[in-house]
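S.K.: Sequence:
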Amino acid sequence: LLCQSLFIKNILCAEALAQRIYSDDHIKFFCFQMVNSQSEKTFIRNKAAQVFALLFVTEYLTKWPKFFFDILSVVGLNPRGVDLYLRILMAVDAELVDRDVVHTSEEARRNTLLKDTMREQCIPSLVESWYQILQTYQYTNSELTCQCLEVVGAYVSWIDLSLIANERFINMLLGHMSIEVLREEACDCLFEIVNKGMDPIDKTKLVETLCQVLQSAGLFIEDDVDFLARFSKLINGIGQALIASWSKLVKIGDLKNAQDTLQAIEAKVALMLQLLIHEDDDISSNIIGFCYDYLHLLKQLPVLSEQQKANVEAIMLAVMKKLTYDEEYNFENEGEDEAMFVEYRKQLKLLLDRLAQVSPELLLVSVRRVFNTTLQNWQTKPFMEVEVAIRLLYMLAEALPVSHSAHFTGDTKASALQDMMRTLVTSGISTYQHTSVTLEFFETVVRYEKFFSLEPQHIPNVLIAFLDHRGLRHTNPKVRSRISYLFSRFVKSLNKQMNPFIEDVLNRIQDLLELSPPENGYHALLTSDDQLFIYETAGVLIVNSEYSTERKRALMRNLLAPLMERFKVLLEKLVMAQDEDGRCVIYIYISIYFHSRTSKAFSNKQTVKQCGCSEVYLDCLQTFLPALSCPLQKEVLRSGVRTFLHRMIICLEEEVLPFIPSASEHMLKDCEAKDLQEFIPLINQITAKFKTQVSPFLQQMFMPLLHAIFEVLHQPAEDNDQSAALEKQMLRRSYFAFLQTVTGSGMSEVIANQGAENVERVLFTIIQGAVDYPDPIAQKTCFIILSKLVELWGGKDGPVGFADFVYKHIVPACFLAPLKQTFDLADAQTVLALSECAVTLKTIHLKRGLECIQYLQQEYLPSLQVAPEIIQEFCQALQQPDAKVFKNYLKVK
Numbered sequence: 001l002l003c004q005s006l007f008i009k010n011i012l013c014a015e016a017l018a019q020r021i022y023s024d025d026h027i028k029f030f031c032f033q034m035v036n037s038q039s040e041k042t043f044i045r046n047k048a049a050q051v052f053a054l055l056f057v058t059e060y061l062t063k064w065p066k067f068f069f070d071i072l073s074v075v076g077l078n079p080r081g082v083d084l085y086l087r088i089l090m091a092v093d094a095e096l097v098d099r100d101v102v103h104t105s106e107e108a109r110r111n112t113l114l115k116d117t118m119r120e121q122c123i124p125s126l127v128e129s130w131y132q133i134l135q136t137y138q139y140t141n142s143e144l145t146c147q148c149l150e151v152v153g154a155y156v157s158w159i160d161l162s163l164i165a166n167e168r169f170i171n172m173l174l175g176h177m178s179i180e181v182l183r184e185e186a187c188d189c190l191f192e193i194v195n196k197g198m199d200p201i202d203k204t205k206l207v208e209t210l211c212q213v214l215q216s217a218g219l220f221i222e223d224d225v226d227f228l229a230r231f232s233k234l235i236n237g238i239g240q241a242l243i244a245s246w247s248k249l250v251k252i253g254d255l256k257n258a259q260d261t262l263q264a265i266e267a268k269v270a271l272m273l274q275l276l277i278h279e280d281d282d283i284s285s286n287i288i289g290f291c292y293d294y295l296h297l298l299k300q301l302p303v304l305s306e307q308q309k310a311n312v313e314a315i316m317l318a319v320m321k322k323l324t325y326d327e328e329y330n331f332e333n334e335g336e337d338e339a340m341f342v343e344y345r346k347q348l349k350l351l352l353d354r355l356a357q358v359s360p361e362l363l364l365v366s367v368r369r370v371f372n373t374t375l376q377n378w379q380t381k382p383f384m385e386v387e388v389a390i391r392l393l394y395m396l397a398e399a400l401p402v403s404h405s406a407h408f409t410g411d412t413k414a415s416a417l418q419d420m421m422r423t424l425v426t427s428g429i430s431t432y433q434h435t436s437v438t439l440e441f442f443e444t445v446v447r448y449e450k451f452f453s454l455e456p457q458h459i460p461n462v463l464i465a466f467l468d469h470r471g472l473r474h475t476n477p478k479v480r481s482r483i484s485y486l487f488s489r490f491v492k493s494l495n496k497q498m499n500p501f502i503e504d505v506l507n508r509i510q511d512l513l514e515l516s517p518p519e520n521g522y523h524a525l526l527t528s529d530d531q532l533f534i535y536e537t538a539g540v541l542i543v544n545s546e547y548s549t550e551r552k553r554a555l556m557r558n559l560l561a562p563l564m565e566r567f568k569v570l571l572e573k574l575v576m577a578q579d580e581d582g583r584c585v586i587y588i589y590i591s592i593y594f595h596s597r598t599s600k601a602f603s604n605k606q607t608v609k610q611c612g613c614s615e616v617y618l619d620c621l622q623t624f625l626p627a628l629s630c631p632l633q634k635e636v637l638r639s640g641v642r643t644f645l646h647r648m649i650i651c652l653e654e655e656v657l658p659f660i661p662s663a664s665e666h667m668l669k670d671c672e673a674k675d676l677q678e679f680i681p682l683i684n685q686i687t688a689k690f691k692t693q694v695s696p697f698l699q700q701m702f703m704p705l706l707h708a709i710f711e712v713l714h715q716p717a718e719d720n721d722q723s724a725a726l727e728k729q730m731l732r733r734s735y736f737a738f739l740q741t742v743t744g745s746g747m748s749e750v751i752a753n754q755g756a757e758n759v760e761r762v763l764f765t766i767i768q769g770a771v772d773y774p775d776p777i778a779q780k781t782c783f784i785i786l787s788k789l790v791e792l793w794g795g796k797d798g799p800v801g802f803a804d805f806v807y808k809h810i811v812p813a814c815f816l817a818p819l820k821q822t823f824d825l826a827d828a829q830t831v832l833a834l835s836e837c838a839v840t841l842k843t844i845h846l847k848r849g850l851e852c853i854q855y856l857q858q859e860y861l862p863s864l865q866v867a868p869e870i871i872q873e874f875c876q877a878l879q880q881p882d883a884k885v886f887k888n889y890l891k892v893k
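Okay, so the sequence shown: first residue is 1 according to the UniProt record's numbering, each after it adds one.
The reader is advised that the hints may include incorrect statements.
Unchecked claim - Label-pair ranges, simulated between beta-carbon atoms:
| id | residue 1 | residue 2 | range |
| --- | --- | --- | --- |
| 1 | N604 | V225 | 54 to 64 Å |
| 2 | Q121 | H296 | 47 to 57 Å |
| 3 | D824 | E869 | 36 to 46 Å |
| 4 | S142 | D824 | 32 to 42 Å |
| 5 | D98 | F764 | 22 to 32 Å |
| 6 | F43 | T475 | 25 to 35 Å |
| 7 | M340 | K609 | 23 to 33 Å |
| 8 | A688 | D280 | 18 to 28 Å |
| 9 | D824 | L317 | 52 to 62 Å |
| 10 | K605 | I853 | 35 to 45 Å |
What the hints assert, rightly or not - Using 27 Å as the maximum straight-line C-alpha spacing, the simulated DSS-like pairs for lysine-lysine come out as follows:
| id | residue 1 | residue 2 |
| --- | --- | --- |
| 11 | K600 | K669 |
| 12 | K691 | K600 |
| 13 | K568 | K605 |
| 14 | K796 | K842 |
Keep in mind the hints are simulated off the structure, nothing from the lab. Positions of the beta carbon are idealized from the N, C-alpha and C atoms, including for glycine.
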């Protein structure tokens, strides 16, 4: 309560000062003193500062031009007053400059004006106050001094640098670098100064002056880890600033100064390497930007000196060393520290890629040396060294240019990569007892799958490794999970080389394909998500084999038959309400999903029909459809069957059509919004794929589907039920998407044959969607439908009464929709909706010609009280041959 009371008093005093309610100096002094003598609670001080910052933003340009002078005149050098003053400055900077805050264009203009006015009126005085604060408190109050340094660092990005980058300020900051409690904040302040944009020659001089003083102070040999984390960031900024200056000088042709700057850069490389190789990853990470830019600089030089070549090699060795895991890395329970190291490794990987661009030969030689040395005696090496050796080989695949990686071309002289891969798969390293090594082995095997096309004799041993305790039967579930995916990729990429091993592999993975664990409590080796990859792999092996269609059909039936039998048993238990723990419905769904996944093995070259497997999948479909009649767990069962039908429409093509009417009838019973929303894409897929083949079916189910949709949309819902509102919005979009598919697939007769009353109802829902609902995605779709209907029916030979509908409803919709307050052209989807609205009007004009123009000029637009000159201008734009002209006209108007 005390905090709240003080905060309210602060606000009242601040408002009194801002509004200049009191002219008496004593009262004003009291108000400042009230704010100045605030509670020690940090959040209260921050909130008071924020209030002042907001007052500054709103009042400085008009009512309170002496904002900072008033504050400075009262707070002086009083510690509490200085604390508030500095917090206000940071709050003002956050309001004006903070890039994390999204500002409107109006706010951005206001902020620019505020900064310009501050530069003219008060910045020199503020800078002088900062100097006085630093000088006063640098030895007696480290908290205030650090706050002031933070303010200087924040403001230096947008004020005149000469106010800060001068002898007295820089000398003071460099002095702070020798004071333990100040040097980290001073380091950050110097970083902001170095980071300030300026003339490249001046920047080089400034940076060199800083470096000379820092070096003479002995800071380049500092060993305090916390300080070095900040110091490495400063050195990174110095290096990148110098490289940016060098690039600018080279670009303008000032080669002499560019050479001087290059020498300054080279002089920092030894320190850069020292920080890069530091055992603390935070320190190393902070310098990577400098390393990366330095390598980019070297890449642009025509010839490298011996020292530069040595620098490249030193960076390379540092990267290889820093890629290595620590012994403390927790592979079983990865936390924040482990996640940070993974991100750090990604940064190092970028450095390695850049090294490959500068000197691919050197990188290849270096990696090969490390790799061969490690794998010669891998049994005696710690896991960190073994893992990183394989990791380096893995990373070469992306790092090396194609010309150097050779992509295993099979030349008489084998490439270095080919030699290393041969060593990897023959060394026995796959038996190393550490998960990181195991995973790196398999990741690399899959990355270099082309090697096995050249040397297929190694495939059997690698397959065995995938299938035994090293891979799919590893003791670690994370390893098994990852191997499931990698095994799938390996088989897919080498499907032509797999033929000799197909039946052996299928036999070995048989136990991994079981739908659920046995009843004795034994836990399955793989999760259902992992099994999806195994089922897909099995399908790929069968489909891409060189077997006869009869043999393929038999193998596919053998693969899926146990699943179908299990499905029948589980469905019967579910129907009999014997699914007490809910496992039946889960495994029913998974079973259907496994069937669907095997179908991904088929392609345009190897279709289901060509492989002789149509009968197998038709039997599956026949088996699954009864699940739609089950009164229990309807949502889950329908979802599973729908997924399978989507796949079968692709794989079985017209053979699936006899099953669609019955399936649709079941899925439309007792529908909810989500059911319909997920059912409509299935109908859209059928319509778009088979078009006139499914016209009779569509005509029959068109109105039942629409009635189900309308019934759900008209169901009452609570005003504040956002979930229900969103479901209805998504269903409405799906409904319009369905109509778009029907009209766009050349089957507008499906709508036309529904009877006059139903056709009219459908048309009015489209008009309603285009105008009444503030949903630009639906509006866009509705205008696409209207445009298509006008194209099909809007001519002289169109359906009776449609021309009247065009003028009475479609034309008004094209004007009423954009005039809605909710029609926001700042939204990208709304812009697309307006574009389709323009297309609709253009289509009407193309189909009705002069009649359309006359209607607009003489009847409709005058009824809206549109000025004659605007009507003329509009009609001229509409008649332009180029549709873009009219679209742009609508956007502007």
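S.K.: Looking at the structure, which of the earlier hints fail to hold?
M.R.: Violated hints: 2, 3, 4, 5, 6, 7, 8, 10, 11 and 13; rest satisfied.
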